[in-house]
Amino acid sequence: MPRNTGAAGPAIETRGLAKSYVQRVVQAGLMGSIKGLFHAEKKVVTALKGLDLRVERGEAVGLIGENGAGKSTTMKLLTGILHPSGGHLSVLGHQPSRERKLLARKIGVVFGQKPQLLWDIAVRETFELLRVMYRIPDAVYAETSALTAKLLGLEPLLGVPVRLLSLGQRMRADLACSFLHAPQLVFLDEPTIGLDVLAKEQARQLIKTMRSRFGMSLILTTHDLKDITDTCERVVLLDKGSLLFDGSLPAFEHKFAREKRIVVQLERPLDAASRKALGARIARLGGKLQRASGIEVAVAYERPAAVRGLTQLLVTKLDVADMAFEKSDMESIVRRIYGRPGARRG
Amino acid sequence: MGELSLVARTGRVLFSRAVQGRLAYAKYFFISLLGFFVGFGLTLMLWLYVNDHRAGGLAVGRDDLIAYLALALVINFTLSLSLDSILSSRIRTGQVAVDLLKPISFQWMYFFISMADIVIQACMGAVVLVVAFFVLSVKPLRLEAVQMAVFFVSLVLAILVQYGICFIFTLGAFFTNFGYGMFNLRLMTQATFSGVFAPLLLYPMSLRAVAYALPFHCVVHTPALIGLGWVSPVQALPLLAEQLAWAAGLFAAGQLGFRWILARFSIQGG
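Same order as they appear, the protein sequences are chains A and B.
For the first sequence, our numbering assigns the number 10 to the initial residue and increments by one for each residue that follows.
For the second sequence, our numbering assigns the number 42 to the initial residue and increments by one for each residue that follows.
Calculated directly from the structure, the hints in this document are not laboratory data.
Misleading hints may appear alongside valid ones.
As the list claims (entries may be wrong) - Here chain A is said to cover these stretches of chain B; the calculated rule only asks that three of the stretch's residues, wherever they fall, bring their Cβ under 8 Å from a Cβ of chain A:
1) 143 to 157
2) 294 to 307
As the list claims (entries may be wrong) - Below, a list of computed lysine to any residue pairs in the SDA-like style, where the Cα atoms sit at most 25 Å apart:
3) A/LYS110 <-> B/GLN136
4) A/LYS44 <-> B/ARG133
5) B/LYS143 <-> A/GLY168
6) B/LYS143 <-> A/ARG109
7) A/LYS336 <-> A/GLN299
8) A/LYS44 <-> B/PHE219
9) A/LYS110 <-> B/TYR221
10) A/LYS58 <-> A/GLY25
11) B/LYS143 <-> A/LYS52
12) A/LYS52 <-> B/ILE308
13) A/LYS51 <-> B/PHE306
14) A/LYS159 <-> A/GLN211
15) B/LYS143 <-> A/LYS51
16) A/LYS110 <-> A/ARG144
17) B/LYS143 <-> A/ARG66
18) A/LYS115 <-> B/ILE308
19) A/LYS110 <-> B/GLN148
20) A/LYS52 <-> B/PHE216
21) A/LYS115 <-> B/GLN148
22) A/LYS264 <-> A/LEU287
23) B/LYS143 <-> A/GLN122
24) B/LYS143 <-> A/LEU176
25) A/LYS52 <-> A/GLY25
26) A/LYS110 <-> B/GLU44
27) A/LYS51 <-> B/GLU44
28) A/LYS51 <-> B/GLY222
Stated by the list, open to error - Pair by pair, the computed Cβ-Cβ distance ranges are:
29) B/VAL172 <-> A/GLY45: 39 to 45 Å
30) B/THR217 <-> A/ILE304: 57 to 63 Å
31) A/GLU50 <-> B/MET86: 50 to 56 Å
Note that CB positions come from ideal geometry on N, CA and C, so glycine has one too.
Let the sequences and hints guide you as you build the complete structure.
Set out below in structure tokens:
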């Protein structure tokens, strides 16, 4: 039975949450640094501009956005290590910055580039420290440590000093640390950074298993959007400290992923003149020649009415060896949102 | 009560993990020890030269001077903490964020970690003290049980004062983002006013007044006076009270300062 789903109230609630800070701007070069000793321009950076967010208990939310969008600041505010400049926030019924230690007992956090493992000694020593520090009941510890070891393949690493582990091994062990006390809410900031494909899959499997077993809420930021499609039901998109989108994954795709693709494998590559002519014909039929390199041609379209004409054109005019229809994946959607500022608001 | 028991249990494990971590770099302690011998040797030679060439000698006798310097330097060596370098580096890189997500007091957490330095250095310091006294033919200290107990209490209080000083100076790294300057400031101030390189009795009046007004003398000079039996247990009581007051004051100031800083400063890094 999941043990975290019975409590009342949302896991997270923010209203008008804002954070700004003062940043020193130093001019470039050695002279700039020397001048900066006496006079540095100061500018106020607004990292978060009045965020309204509600996350229910047991819900999993993917937080996405460009570098500097405010994802990490949001994480730090929600975990209590930063004080907000304005607005209201409540996490598991606590005010994070005022009740940081109390809240820490109920949450698990991974900052992908800031491991909590003790550097000089074996992985299991950190596990043991966390067991005592979080007062983890024996039965819970037995279950979570066994699950994490099994799902992340940690068994052979437990006796190895952390400094001797590879980045991927450290990341896996660090991820395990945040789940040992079966927290009610987990914040994962880039949890799969530095992991290979197999290890990423293991990490996602762990997140899913722990959520289904313990009913944990999850806030996940990542640049690998497969992490989100695999583990979250909801996406929150931040842009320059503001909320750009908040809704389910299907709603996100519906709003931003109207574009689909036809990908064709050719028997032989196209020459430059043929590529140019093909591009013009595709444009007349309402499509766009996205790529024509080597023996692969990709054609993008938005209106379903265009698909018949485009397919006919490709089949009749090209030596087609294979053909596939693709929906845009999260990564290409997000890339497109960031790449076309004018089109951002859909 | 629950919180206290958690701090105590976690502290025990933190301490043992920190000792394990230090032992992983055992060579570091032997190099520190070498540094100690160089510092001790030079200080001793310098003072003995001054004593032997100054008309009428110093206000402290030759044997007493040697005994004081040996004990003061060993206390100083034992109470040297790596807190400054560890914590300021974590503040600079933003790694301190991970510490702030732990369910126990940040200040207590680093206290237990720092105790690892003290215990390991105390073991080495005790050996050094015995060797130094033997090589320099200083008559061994003959303290009575009460004096030993008072000396022990004074050492414990010195640890608390030292931790309080280091913690407050390290907090400066939140302002400067690079703790090296704060570390140097503490090191130089402490070397000057703690009495590690000379009994405060030998200081000019004005400098002595400043030294007594600051907490640094409680770390080295006070326990050294008590340990050498230069003050009786009864005379030591006000000194212990002073140490206790500084320890409590510095701990409270560290706690308040830490809260104030957290509310105003950003944790670096994304």
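Checked hints:
A stretch counts as covered by a chain when three or more of its residues have a beta carbon under 8 Å from one of that chain; for the region 143 to 157 of chain B and chain A the count is 4, and the coverage holds. Given as covered by chain A, the region 294 to 307 of chain B passes the check, having 4 residues with a CB less than 8 Å from a CB of that chain where 3 are the minimum. With a CA separation close to 17 Å, the supplied pair A/LYS110 and B/GLN136 stays within the 25 Å bound. About 22 Å separates the Cα atoms of A/LYS44 and B/ARG133, which keeps this hinted pair within 25 Å; it holds.
Straight-line distance between C-alpha atoms of B/LYS143 and A/GLY168 comes to about 23 Å, which keeps the hinted pair within the 25 Å bound. With a CA separation close to 9 Å, the supplied pair B/LYS143 and A/ARG109 stays within the 25 Å bound. Using a Cα cut-off of 25 Å, the hinted pair A/LYS336 and A/GLN299 holds, with the two alpha carbons roughly 14 Å apart. The straight-line distance between the Cα atoms of A/LYS44 and B/PHE219 is roughly 19 Å, inside the 25 Å bound, and the hint therefore holds.
Between A/LYS110 and B/TYR221 the alpha-carbon distance is near 29 Å, which puts this suggested pair outside the 25 Å criterion. With a C-alpha separation of about 7 Å, the suggested pairing of A/LYS58 with A/GLY25 holds against the 25 Å cut-off. Using a Cα cut-off of 25 Å, the hinted pair B/LYS143 and A/LYS52 is violated, with the two alpha carbons roughly 32 Å apart. With a C-alpha separation of about 17 Å, the suggested pair A/LYS52 and B/ILE308 falls inside the 25 Å cut-off, and the hint holds.
Pair hint A/LYS51 plus B/PHE306 holds up; C-alpha atoms about 15 Å apart against a cutoff of 25 Å. A hinted pair counts as satisfied when its Cα atoms are at most 25 Å apart, and A/LYS159 with A/GLN211 qualifies at roughly 10 Å. A threshold of 25 Å between alpha carbons decides the hint, and for B/LYS143 with A/LYS51 the separation of about 33 Å lies outside it, so the pair is violated. At most 25 Å may separate the alpha-carbon atoms for a hinted pair to count; A/LYS110 and A/ARG144 meet this at roughly 13 Å.
In summary, the hint linking B/LYS143 to A/ARG66 is supported, as the alpha carbons are separated by about 22 Å, within the 25 Å threshold. With a CA separation close to 21 Å, the supplied pair A/LYS115 and B/ILE308 stays within the 25 Å bound. For the given pair, A/LYS110 sits about 12 Å from B/GLN148 by alpha-carbon distance, which is consistent with the 25 Å threshold. For the hint linking A/LYS52 to B/PHE216, the alpha-carbon distance of about 17 Å falls within 25 Å, and the restraint holds.
A C-alpha spacing of about 21 Å is found between A/LYS115 and B/GLN148, which places the hinted pair at or below 25 Å, so the restraint holds. The hinted pair formed by A/LYS264 and A/LEU287 fails the criterion: a straight-line CA distance of about 29 Å is larger than 25 Å. About 17 Å separates the Cα atoms of B/LYS143 and A/GLN122, which keeps this hinted pair within 25 Å; it holds. A hinted pair counts as satisfied when its Cα atoms are at most 25 Å apart, and B/LYS143 with A/LEU176 qualifies at roughly 23 Å.
The straight-line distance between the Cα atoms of A/LYS52 and A/GLY25 is roughly 22 Å, inside the 25 Å bound, and the hint therefore holds. Between A/LYS110 and B/GLU44 the alpha-carbon distance is near 11 Å, which keeps this suggested pair within the 25 Å criterion. Only pairs whose Cα atoms come within 25 Å are accepted, and A/LYS51 paired with B/GLU44 is rejected, the gap being roughly 42 Å. Distance check on the hinted pair: A/LYS51 and B/GLY222 sit about 23 Å apart at the alpha-carbon level, within 25 Å; holds.
B/VAL172 and A/GLY45 have their C-beta atoms about 51 Å apart, which leaves the hinted 39 to 45 Å range violated. Between B/THR217 and A/ILE304, the C-beta spacing of about 59 Å keeps the proposed range 57 to 63 Å intact. Range check, A/GLU50 to B/MET86: about 53 Å between beta-carbon atoms, so the 50 to 56 Å window is met.
When held up to the earlier numbered hints, the structure conflicts with 9, 11, 15, 22, 27 and 29 and fits the remainder.
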